[in-house]
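Just so you know, the sequences run in chain order A and B. Here the first sequence stands for residues 1 to 199, where the numbers follow the working numbering. Here the second sequence stands for residues 200 to 398, where the numbers follow the working numbering.
Accuracy of the hints is not assured; some may be wrong.
[Stated by the list, open to error] Computed from the model, here is a short list of chain B residues facing chain A with C-beta under 7 Å:
1. Ala264
2. Ala268
3. Leu270
4. Pro275
5. Pro317
6. Ala325
7. Gly329
8. Gly330
9. Gln336
10. Glu357
11. Val358
Rather than coming from a laboratory, the hints here were simulated on the basis of the structure. Predicted, not measured: the structure shown is a model, and the values here were computed from it. Glycine included, every Cβ here is placed at the ideal spot set by N, Cα and C.
Number of protein chains: 2
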Amino acid sequence: MKLLLIGANGTIGSIVREEMKKEAEIITAGRHHADISVDITSIESIKQMYKDVGKVDAVVNTAGAAHFAPLQKMTPEQNQVAVNSKLLGQVNLVILGMDAVTDNGSFTLTTGVLMDDPIKQAASAAMANGGVRAFVQSAAIEMPRGLRINHVSPTMLEVSAEKYGSLFQGFEPASSERIGLAYRKSIMGAQTGKGFYVY
Amino acid sequence: MKLLLIGANGTIGSIVREEMKKEAEIITAGRHHADISVDITSIESIKQMYKDVGKVDAVVNTAGAAHFAPLQKMTPEQNQVAVNSKLLGQVNLVILGMDAVTDNGSFTLTTGVLMDDPIKQAASAAMANGGVRAFVQSAAIEMPRGLRINHVSPTMLEVSAEKYGSLFQGFEPASSERIGLAYRKSIMGAQTGKGFYVY
Numbered sequence: 001m002k003l004l005l006i007g008a009n010g011t012i013g014s015i016v017r018e019e020m021k022k023e024a025e026i027i028t029a030g031r032h033h034a035d036i037s038v039d040i041t042s043i044e045s046i047k048q049m050y051k052d053v054g055k056v057d058a059v060v061n062t063a064g065a066a067h068f069a070p071l072q073k074m075t076p077e078q079n080q081v082a083v084n085s086k087l088l089g090q091v092n093l094v095i096l097g098m099d100a101v102t103d104n105g106s107f108t109l110t111t112g113v114l115m116d117d118p119i120k121q122a123a124s125a126a127m128a129n130g131g132v133r134a135f136v137q138s139a140a141i142e143m144p145r146g147l148r149i150n151h152v153s154p155t156m157l158e159v160s161a162e163k164y165g166s167l168f169q170g171f172e173p174a175s176s177e178r179i180g181l182a183y184r185k186s187i188m189g190a191q192t193g194k195g196f197y198v199y
Numbered sequence: 200m201k202l203l204l205i206g207a208n209g210t211i212g213s214i215v216r217e218e219m220k221k222e223a224e225i226i227t228a229g230r231h232h233a234d235i236s237v238d239i240t241s242i243e244s245i246k247q248m249y250k251d252v253g254k255v256d257a258v259v260n261t262a263g264a265a266h267f268a269p270l271q272k273m274t275p276e277q278n279q280v281a282v283n284s285k286l287l288g289q290v291n292l293v294i295l296g297m298d299a300v301t302d303n304g305s306f307t308l309t310t311g312v313l314m315d316d317p318i319k320q321a322a323s324a325a326m327a328n329g330g331v332r333a334f335v336q337s338a339a340i341e342m343p344r345g346l347r348i349n350h351v352s353p354t355m356l357e358v359s360a361e362k363y364g365s366l367f368q369g370f371e372p373a374s375s376e377r378i379g380l381a382y383r384k385s386i387m388g389a390q391t392g393k394g395f396y397v398y
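Turn these sequences into a full structure, and let the hints guide you.
Spelled out as structure tokens, the structure:
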């Protein structure tokens with residue numbers, strides 16, 4: 001199978017590459033050092049990526065940014081980072097990419113624990129994640145040709161605990177193996193409209 | 200108490216007015232025929248509204264638009280309607296309005312059943328609603344001065360059943376009384392970070 005992986009060089013992207021490398025020919029996409037250059041905040045860039053890549057059997061996105069700031073200082077402009085990237089970047093990968101995916105293929109998007117278990121300064125990220133979750137559930141009932149769509153919602157990763165652990169007090173870190181399995185379930189399984197929660 | 204009600208002339212806005220008229224001095228806001236003119240898709244218009252209104256004890260928003268279209272035909276531009284209105288309109292009412300609300304006051308936003316129980320052509324609305332829900336839960340833990348924030352998620356209303364019933368097949372319509380009570384609970388109660396689901 002051909003798997004288009006956007007955000008392939010990120011922490012989670014690397015986990016997905018490792019998990020799927022035996023089954024899939026992985027086409028990496030991202031802003032730098034990838035087979036195909038893409039900026040998911042740009043509609044034109046997403047369209048160009050799909051033109052370049054041709055048909056694929058699975059699209060997996062692990063890219064997406066959000067601005068972290070105290071709610072009382074958060075500006076609409078700062079909030080727009082998550083809107084353009086984590087939310088609309090992911091939604092646009094789907095609505096602009098349906099024709100690029102073969103019959104019975106799949107989309108797998110990435111949300112995150114903050115939409116369910118909030119921490120300070122993360123309301124913008126939570127918002128974007130919650131939007132993606134609801135979009136996935138709704139889009140699933142309109143997918144043509146047996147296409148599937150799910151999201152994976154990771155908690156803090158073990159490999160990120162040193163960097164982010166002080167923000168995620170009391171969160172049980174997830175192993176890379178568990179994160180990889182959730183993406184595998186979405187890509188290789190038969191479910192659609194679901195969230196696979198690694199927490 | 201002073202209650203700023205945005206979307207006051209809409210179906211749900213009218214229900215909130217009826218429900219709260221005994222307890223609250225209601226300042227109506229909306230695009231037309233309201234005490235204060237506001238377009239929630241405009242940051243400048245929201246800022247001007249809060250300047251005009253002074254201090255209030257509760258902000259309730261029942262305004263918000265979304266474009267309904269088959270997923271396969273949905274364009275990023277059409278999806279932007281819900282982003283600008285239902286999602287960011289509501290989020291911006293909070294992040295730009297915290298200083299306008301008195302100590303222990305509240306924000307009440309409006310989501311909707313489509314984020315939990317999808318129908319065709321409504322993925323954009325579902326997305327916006329899901330974003331607002333996650334934002335509310337996260338924002339609640341950062342509210343200063345005892346401010347509270349909740350959302351009310353109505354199903355199809357009995358009063359709208361003739362107009363929208365053919366789209367909402369099998370949905371049990373909610374009475375205006377039940378919808379009003381949910382807003383009352385958010386405004387007059389003590390809970391925060393919650394969704395009050397009228398379904």
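Non-conforming hints, listed in increasing numerical order: Going through the list in order, the structure violates hints 1, 2, 10, 11 and respects the others.
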